[in-house]
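The working numbering numbers the first residue of the sequence shown as 1 and each following residue consecutively.
The hints are simulated quantities; they were obtained by calculation from the structure and are not laboratory data.
Using C-beta positions, here's what the derived DEER-type ranges look like: (1) S166 with G197: 26 to 34 Å; (2) V60 with L175: 44 to 52 Å; (3) S166 with G201: 19 to 27 Å; (4) L227 with D167: 27 to 35 Å; (5) S166 with S246: 48 to 56 Å; (6) R172 with R207: 22 to 30 Å; (7) M179 with G216: 29 to 37 Å; (8) A147 with L230: 18 to 26 Å; (9) P187 with S240: 27 to 35 Å.
Listed next, the in silico SDA-like pairs over lysine to any residue satisfying Cα-Cα at most 20 Å (straight line): (10) K105 with D167; (11) K105 with H162; (12) K105 with F93; (13) K105 with L158; (14) K105 with A154; (15) K105 with G115; (16) K105 with G168; (17) K105 with W221; (18) K105 with S220; (19) K105 with W163; (20) K105 with L159; (21) K105 with A155; (22) K105 with L164; (23) K105 with S166; (24) K105 with R224.
Fair warning: this is a prediction, and the values are worked out from it, not measured in the lab.
Virtual Cβ for every residue (Gly too), placed ideally from N, Cα, C.
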Amino acid sequence: MGAVAEGAVSRPWRASAEDAVRRLAAVTVAGAVLGVLVGGIGGRLAMSLLAALNPDTAGVTSDDGFTIGQFTLGGTAQLLGATWQLGLVGAFFYAILRGLAVGPKWFRVVSMSVGAGVVAGSLIVHTDGVDFTLLGPVWLTVGLFVAIPVVYAAALTLLAEHWLDSDGWSARARLRTVMATLLLWLPVLPLLPVLAGIWLGAEWYRRQPHLPGLSGPLLSWGARGMLAVLFLVAVADLVSDVRFLS
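All chains should be modelled from the sequences, with the hints used to inform the complete structure.
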C-alpha cells in the first residue's frame, strides 16, 4: 500500500483504491518471487554448505523438519512453499513501511535491508534446537541466516520500487491482470484484509482536512523512532544469542 499521498482529498475513492491495488500487486509479485529465489534457493545453498562442513550431523532432523544432508524433491518443494509464504510476509511489511524510508536511494536500500535483516535474523537465530548448536562455525551459521533476509530485503526494495515507477508493469497492465496477482496471497490470506483495513484507515484519515497529514514530522518520525528501537532490541538479542552459542 505504501505512503498515501497528501493533498488529493477530492480524488474519488475508486481511483485511489485502484492505485493502491496496483502498488500492492508490484510489491506482492516481487515479494513472492524473491522469497522463493533468495529464501528458498539461497536457504538450500546455505544448508548445503553447513551440511558439508558438519558431516557428523548427516541424518539429523533440523529445527524446520528437514533431514540434514538429504535433499529430496518433496523437501525442496516444502522449502520453496514455505519461503513463498515468508516472501509474502516480507511484502506485507514492506507495503506498510515503505513510506517511512528517507534519504537517497542507496540509503533507503541499506536501511531497509539491514533493518529487516537484523530483525528477521534475531527471530531466526535461537540458542536451542539443532540449527545453531550443532551446525558450525557459529559465525558462519548466524551470518548466513542474517544475510539471507538482508539480501531479500535489499532485492525487494530495488525490484518493487523499479516496478512501482509510473511506467512499471503494474501501472500499465489491465486491472483484471493486476487483481489476479493478489491470488498469490492465498497461503497467507488473513494478511490481505489487514492490509485493506490499514489502507482504508489511512485513506480516510488523509481525507480529513482538520487532521495533521500522515507524512507530517510528528507521525512519521515517531514511527521511525519506534522502528529504530525495534532494531536496537533485535541487535542486542542477536549479540546475546551469538555470545551464548560461541
